[in-house]
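Here's the letter readout for the chains.
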Amino acid sequence: MITVHIQYFAILREQRGLAHETLATHAATAAALYEELRDRYGFTLPRDRVRAAVNEEFVAWEAPLRDGQKVVFIPPVAGG
Amino acid sequence: MFRISTEPLDPAALQRTLSDAHAGACVTFEGWVRDHNEGQPVVALDYEAYAPLAEKEGLRILAEARERFAIRGAVCVHRVGALKIGELAVWVGVTAAHRGAAFDACRYLIDEAKARVPIWKKEHYGDGATVWINCATRGDFAHQLKT
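From first to last, the protein sequence lines are chains A and B. Converting from the first sequence to my numbering requires adding 47 to each position, the first position being numbered 1. Converting from the second sequence to my numbering requires adding 174 to each position, the first position being numbered 1.
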């Protein structure tokens, strides 16, 4: 079990109803964590439309998660 | 420089940061909040950004532009917060000795920024509805029909 700090943006923030939270998880990868949260909170975006970031850098979905990391899931971007 | 701004953008001040006696061209792009999108009247936009990563990715895009094009200076600033119709959402400015590189790099910067930088846009419509752009999961089917 690890503890991670999650920050939510845009549609994920609205669907979660929170901007950030700290939670304990058995998820070993960013992918597993997203699927866990998606099940729990009913995120509508499938994982293939989202990117993962850990400690303010994009990461591969299969990168291992470690205790204390800051995790952000990036919905499809729309600047400009 | 790549920056996320919570304050209104000042194009004249931004352009002054690019002043350069060696530059013969300055190309700028302004992205404005438009009153419609895909046939729907839009009354306002909210932008939000994951600022630390947005600024890192923005700096990577600027570095790529410097490698690809013979430019001298490049600046991109994106506004976040609640914006009204006609407000300036993004400003890009590029200087170069000659205009070709400045035009090309400016186009590259805005295109890459739109595609890669973690910034999100929520449209507010006349009937009170709101949509996060690009986040509708049922849009894929319509896209498949067109292709």
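Worth flagging that the hints you see were computed from the coordinates, not collected in a lab. None of the values given here were measured: they were computed from a predicted structure. Please note that a few of the clues may not be correct.
[Claimed, not checked] Under 7 Å between C-beta atoms, here's a sample of chain B residues computed to sit facing chain A: (1) 197; (2) 200; (3) 225; (4) 255; (5) 258; (6) 260; (7) 293; (8) 295; (9) 299; (10) 305; (11) 307; (12) 309.
We put the CB at the ideal spot given by N, CA and C, even for glycine.
Against the structure, the hints come out as follows:
| no. | hint | verdict |
| --- | --- | --- |
| 1 | 197 | 25 Å, violated |
| 2 | 200 | 20 Å, violated |
| 3 | 225 | 10 Å, violated |
| 4 | 255 | 13 Å, violated |
| 5 | 258 | 17 Å, violated |
| 6 | 260 | 16 Å, violated |
| 7 | 293 | 3 Å, holds |
| 8 | 295 | 4 Å, holds |
| 9 | 299 | 16 Å, violated |
| 10 | 305 | 9 Å, violated |
| 11 | 307 | 4 Å, holds |
| 12 | 309 | 4 Å, holds |
Hints 1, 2, 3, 4, 5, 6, 9 and 10 from the earlier list are contradicted by this structure; the remaining hints agree with it.
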